[in-house]
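Quick note, the sequences are listed as chains B and H, same order. If you read the first sequence in my numbering, its first letter stands for residue 249, the second for the next number, and so on. If you read the second sequence in my numbering, its first letter stands for residue 826, the second for the next number, and so on.
Check the hints yourself; a few may be wrong.
[Said to hold, decoys possible] No farther apart than 20 Å at their CA atoms in a straight line, the calculated lysine to any residue pairs in the SDA-like style are these:
| hint | chain 1 | residue 1 | chain 2 | residue 2 |
| --- | --- | --- | --- | --- |
| 1 | B | Lys504 | H | Ala869 |
| 2 | B | Lys330 | B | Gly304 |
| 3 | H | Lys1068 | B | Pro433 |
| 4 | H | Lys954 | B | Gly398 |
| 5 | H | Lys1114 | B | Ala262 |
| 6 | H | Lys1117 | B | Asp274 |
| 7 | B | Lys506 | H | Lys1104 |
| 8 | B | Lys506 | H | Ala1001 |
| 9 | H | Lys999 | H | Ala869 |
| 10 | B | Lys498 | B | Val474 |
| 11 | H | Lys1117 | B | Gly484 |
| 12 | B | Lys506 | H | Ile1143 |
| 13 | H | Lys954 | B | Asp371 |
| 14 | H | Lys1072 | H | His1048 |
| 15 | H | Lys954 | H | Glu989 |
| 16 | B | Lys401 | B | Glu250 |
| 17 | H | Lys853 | H | Glu989 |
| 18 | B | Lys510 | H | Ala1018 |
| 19 | B | Lys403 | H | Ala1018 |
[Stated by the list, open to error] These stretches of chain H come out as covered by chain B in the derived footprint (C-beta under 8 Å, 3 or more residues):
| hint | segment |
| --- | --- |
| 20 | 1014 to 1028 |
| 21 | 1107 to 1117 |
| 22 | 1122 to 1136 |
Derived from the structure by calculation, the hints contain no laboratory data. We put the beta carbon where it would ideally sit given N, CA and C, even for glycine.
These are the residues of each chain, in order.
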Amino acid sequence: MEILVCVKRVPDTAENEIEINSDGNDIERDDLVYSVNEWDNYAVEEAIQIVDKVGGSVTVVTVGDDESEEVLRREMAMGAEKGILLSDDAFEGSDGKGIATALKAAVEKGSYDLIFTGAQADDGAAQVGGMLAAMLDYPYASLVNLIEPGDGKLKVGREIEGGNQEINEIELPCVLSIQTGINEPRYVGIRGIRKVASVEIPTLGASDLGLDAGSVGEGAAKVRRVDYFMPEMGEGAEMLEGSTEEIIDKLIELLKAKGGLK
Amino acid sequence: MAEVFAYIKHEGGVADDSALELLSAAKKIAPGANVTAVVTGNGADIDTVCNAMASAYSAVWKIDNEALAYPNAEVVRKALVNTLAADSIVLLPHDTFGMDLGPGLSIKMNSAFVADLVDVEDSDGAVLKVIRQEFSGQAYTHVTCDISGGAVINVRPGVFAAEEAAATGAVVDKSADAGDLSAKRKYIEIVEAEAGDVDITKAEVLVSVGRGIEDEDNIEIVHDLAKAMGAEVSCSRPIVDAKWLEKARQVGTSGKTVKPKVYMAMGISGSFQHMGGLKGNPFIVAVNKNPKAPIFQVADVGVEADILEFIPELTEKIEEL
Ligand SMILES: Cc1cc2nc3c(=O)[nH]c(=O)nc-3n(C[C@H](O)[C@H](O)[C@H](O)COP(=O)(O)OP(=O)(O)OC[C@H]3O[C@@H](n4cnc5c(N)ncnc54)[C@H](O)[C@@H]3O)c2cc1C
Ligand SMILES: Nc1ncnc2c1ncn2[C@@H]1O[C@H](COP(=O)(O)O)[C@@H](O)[C@H]1O
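Pulled out of the complex, with its shape left as it was, chain B reads as follows (with noise of 0.2 Å):
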């Protein structure tokens, strides 16, 4: 089985509180921790071990910019075998849809059977997986928790409302879009980044993909972020001030009052 999985690089929200800069244009982004998307590292871990089970191989690839390429780096040390960084000017300002007409090329230009996004990623929309099989006109299923793999079709399992899950069956070549949960991420250590430092991966560009320009970027946008902001917060919680001691004092008449002490 050949896998291709999508990942992109994100600002950690556990690790930083996102704020917003002077303009509005953008968070702040100068002190922020970046990492690989938290849904594609499932989808990764997902991909090796169907690859450990029935053979094959894994490439990771990402639509982004030089820095882009530690996050590849790091899934290769968890054991992707390959990766690819797409990058181009031509692709800033894509939405979902440029980001995925990238991909696309990136996936003809090789022989996949099964090609994984995560479900959504913290900055995203929950949607180039979709749109990339759409594009690809292959099956598509999305929040997938769990993957059999058969003779030319998987079973695989969507988490759906309720934490109940819809069992479908769905023929190769086909995208998932892979839920948290599904497995346990292995961890990589800096030795295991180290490993794979020397690694070449290469750099595609719009015309190395055979892309027109026009059909990524800003210019192909039609959904287009204009600004960041905070909204007006309304009232919002009544915040509990003073010692640690007078705030759980505080706290525990409150809990009395609303039943919440036995």
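Go by the hints and put chain H with the ligands onto chain B.
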């Protein structure tokens, strides 16, 4: 003006809550437009749904086909692409069904896609300006979308108030337009979530823990607090993904819906999928070290603190009572 459609999710002859929410969203997205409900399915159930929708929507399109008995997104997509004009504006709920259908539908209709819309700022029929969120609600954005060639718009469940039913629409049978509905993905069955040993849905007081707890070893302090309060322990999804607590304790759209009197959100950011599982207007106490965490917008009482220090102190004080 482009035609506007709302896709009606339904089960067992009953329309989903999103059905009337999409109508009020549609009225903001395309003021003055007639909005048509699209109901796909098979058999008597869908007539019940169509009739119900006709009392709210000005028209209802019914697409009845055996292949649509279960709403397999690939099959529904084909039926919609074959039935609707390419420049239509199609509204879907941004839930596990809409996430499955929307992006691919927009590609096949060659139209724009807006995911997880939370509000509409402005609309002139060609450019739609909407509000979205990123980073689990930690940042808001204005997004413009060129809808002149049509659009698929996924609307966040629960943010638009359901529109009052006040119409006498006609049900139009469009089944003959559905066309080829063969699919490469086949629906097999639904496997229900396991019940588990705990039932957080009955608890009056929940001490709920999120990723802020940082490490599996720290979960103990949450159990201690719950014990002191006579409460049950629940959690957000990352805690279940990490296998620190069992799935039966997860609150949210893909977990349990709970209706406690008091909800203690400890180190939980307040994403809409988490809050979607919290019903019945409980008294919410949020403890978070980030004063800008979205949970503070919905909580009744907030404490800016490190839960790893705050929880043990609170437990001790309660035990002393
Ligand atoms: C289809 C789908 C379904 C989903 N279903 C669910 C669901 O059912 N339930 C659910 O919960 N999520 C669900 N999610 C995930 C959801 O989008 C969020 O990712 C998740 O709710 C975040 O959990 P959290 O608040 O614990 O973590 P985070 O968003 O990472 O928040 C952690 C918070 O803890 C704070 N914090 C960190 N350290 C400390 C400390 N020491 N002391 C105090 N505060 C601290 C941080 O400031 C932050 O606000 C779903 C997602 C998808 C795509
Ligand atoms: N720039 C990108 N490069 C590679 N893959 C991406 C990119 N953006 C999104 N994806 C993939 O699409 C998934 C969903 O992202 P999104 O649709 O942006 O929420 C991610 O988890 C990735 O797998």
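Hint-by-hint comparison with the structure:
1. Lys504/B / Ala869/H: Measuring from Cα to Cα gives roughly 52 Å; hence the hint is violated.
2. Lys330/B / Gly304/B: holds (12 Å)
3. Lys1068/H / Pro433/B: Holds, at about 12 Å.
4. Lys954/H / Gly398/B: violated (45 Å)
5. Lys1114/H / Ala262/B: Given that 20 Å is the threshold and the Cα spacing comes to 12 Å, the pair holds.
6. Lys1117/H / Asp274/B: holds (17 Å)
7. Lys506/B / Lys1104/H: The hint holds at about 16 Å.
8. Lys506/B / Ala1001/H: Roughly 58 Å between the alpha carbons, so the hint for Lys506/B and Ala1001/H is violated.
9. Lys999/H / Ala869/H: Roughly 16 Å separates the two Cα atoms, so the pair holds.
10. Lys498/B / Val474/B: Measuring from Cα to Cα gives roughly 43 Å; hence the hint is violated.
11. Lys1117/H / Gly484/B: holds (11 Å)
12. Lys506/B / Ile1143/H: The given pair, whose Cα atoms are some 15 Å apart, holds under the 20 Å limit.
13. Lys954/H / Asp371/B: holds (18 Å)
14. Lys1072/H / His1048/H: Satisfied, since the Cα-Cα distance of roughly 16 Å is no more than 20 Å.
15. Lys954/H / Glu989/H: violated (25 Å)
16. Lys401/B / Glu250/B: Holds, at about 14 Å.
17. Lys853/H / Glu989/H: Cα-Cα ~15 Å, so holds.
18. Lys510/B / Ala1018/H: violated (31 Å)
19. Lys403/B / Ala1018/H: holds (18 Å)
20. 1014 to 1028: With 5 residues in contact (Cβ-Cβ under 8 Å with chain B), the coverage given for the segment 1014 to 1028 of chain H holds.
21. 1107 to 1117: holds (count 7)
22. 1122 to 1136: holds (count 11)
Checked against the numbered hints given earlier, the structure breaks hints 1, 4, 8, 10, 15 and 18 and satisfies all the rest.
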